[in-house]
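With chain A's structure known, arrange chain B on it following the hints.
Protein sequences, first through last, are from chains A and B. Counting from 1, one number per residue, gives the positions in the first sequence under our numbering. Counting from 1001, one number per residue, gives the positions in the second sequence under our numbering.
A couple of the hints might just be wrong.
[To be verified] If we take Cβ atoms under 8 Å as the criterion, some of the chain A residues that face chain B in the derived model are:
#	residue
1	Arg4
2	Leu39
3	Phe92
4	Ile133
It should be emphasised that the hints constitute simulated quantities derived from the structure, not laboratory data. Ideal placement from N, C-alpha and C gives every residue a C-beta, glycine not left out.
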Amino acid sequence: MKIRKRYFVLTLYLVVLFLPIYWMLNMSLRTNAEILGSLAMYPEHPTLENYMKIFGDPSWYSGYINSIIYVTMNMVISLVTALPAAYAFSRFRFIGDKHVFFWLLTNRMAPPAVFLLPFFQLYSTFNLIDTHIAVALAHCLFNVPLAVWILEGFMSGVPREIDETAFIDGYSFPHFFLRVFIPLIRAGIGVTAFFCFMFSWVELLLARTLTTTSAKPIAATMTRTVSATGLDWGLLAAAGILTIVPGALVIWFVRNHLAKGFALGRV
Amino acid sequence: MNKWENNRAWFLILPVFIIVAFSAVIPLMTVVNYSVQDIFGPGQRFFIGTEWFKEVLSDSRLHEALWRQLLFSGLVLLIEMPLGIAIALMMPKKGWGSSACLVVLALPLLIPWNVIGTIWIIFTRPDIGLFGATINGLGIPFDHTASPIDAWITVMLMEVWHWTPLVALLAYAGLRAIPEAYYQAAKIDGASAWAIFRYIQLPKMRGVLTIALLLRFMDSFLIYAEPFVLTGGGPGNSTTFLSIYLVKVAVGQFDLGPAAAFSLIYFLIVLLFCWLFYQALQAVGTGDK
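One chain only, chain A, in its complex shape (with noise of 0.2 Å):
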């Protein structure tokens, strides 16, 4: 009876949390006629031509493309950088050490509007507005400290004995970091992949300020069509309900890691 009682409340709160966003998806089945005519918990005549429209018009789904170039480079470089680091952080004392980790740790913490301005400017100087790189260079501003973070700690939890044992056998650091070690903490890099994606396809701000046409994010795509045509909520929803596709892939992919992977433990 307990049991049950517990898996009410959880329950009813799972279909709180996905109310509002089966409301954009009952939108987005719906012309706008429909939607402003009546409310209705269903769509009565569901109709896929809010999603036409998306995938027959280049200036909207570029956007989708854009967004999923710079996000998958940001996520490269990411985790290129942070697997050493991280693994300097997690073995070794040096001079400094707890110094740079808690100074790349604010990097996390700096608001993305403090970094509008002098972003445009910097990447002004090197030619990069409105490329997919800028983004992605903008983005490691808080997702590097990020994955330099969660990696750690995933390399904290492999004993030390198994670097030793290695050297001992003959390997050299670079062979052992890649065949030995990274696959150690295959579960890790999955999982701050997971996060890098995620704060990186969220992000607007920095992406929206820093592209104007070549590589504009699908977010930003929204905020300027709908200004642009008034208000077509059925075309709005669609795009928001794309938006989240990539994302629940991802979760899809991740489920069986994201419990673990979360517990990264120590701080």
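Using the frame of chain A, we list chain B on its own:
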């Protein structure tokens, strides 16, 4: 934990150093540079020292935004932390049920922030939104574009909806890391559910809860896109949080100097709070052991 002493480890940190220097240090220096100069145009800049800082610190609208921000972050933490822990405690430990919970919980976290705003505009509009229509149908007038209180309620609802899952996921991960033997021992001792929570689960979750608290504080303090899309900082200035005000000053009025000074103060406030939280939690942690 004893680590190897080796200063060559610096070479391993070098890539991170370079990338963070490029995306954080240079921009930050630019901000510092702006904050002490008055810029009229290219080649026309004057060093004015702490003038902008004085101006910003005496700006009453900034004070209001800061108090609003503190109230907001405080409320967010007060609601989200207990709620997240409660949900984590209710979740099934294994099986398809726990997978399903995890997937649904993680969903709001992967929605772009301005789309969150869009979802809630649609959801709370009195004419087409389920929430808005239901509330109005019950005879309670609700319009977040006109009433500051309604705007606050909407923003809080959105924030709690959006981020409680993160706390829940972290707490859940912490709970899963507790060995079964602890529970068995507690059962033998006849411990109550509350005692199990207070003396086993809570201390064991300390690490992940620290992370949750820090992440939630930072992100709620830096919140921009969601309220900007939902309310645009209004009605009036009632939901103008620090970031929204900063962007208004920097981009809207293009006051580089004050905006830069504001940025630095803002950054320092976040740092200060995070440091305080961190210290406080470390102190609590050592008290437990």
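Hints breached by this structure: 1, 4
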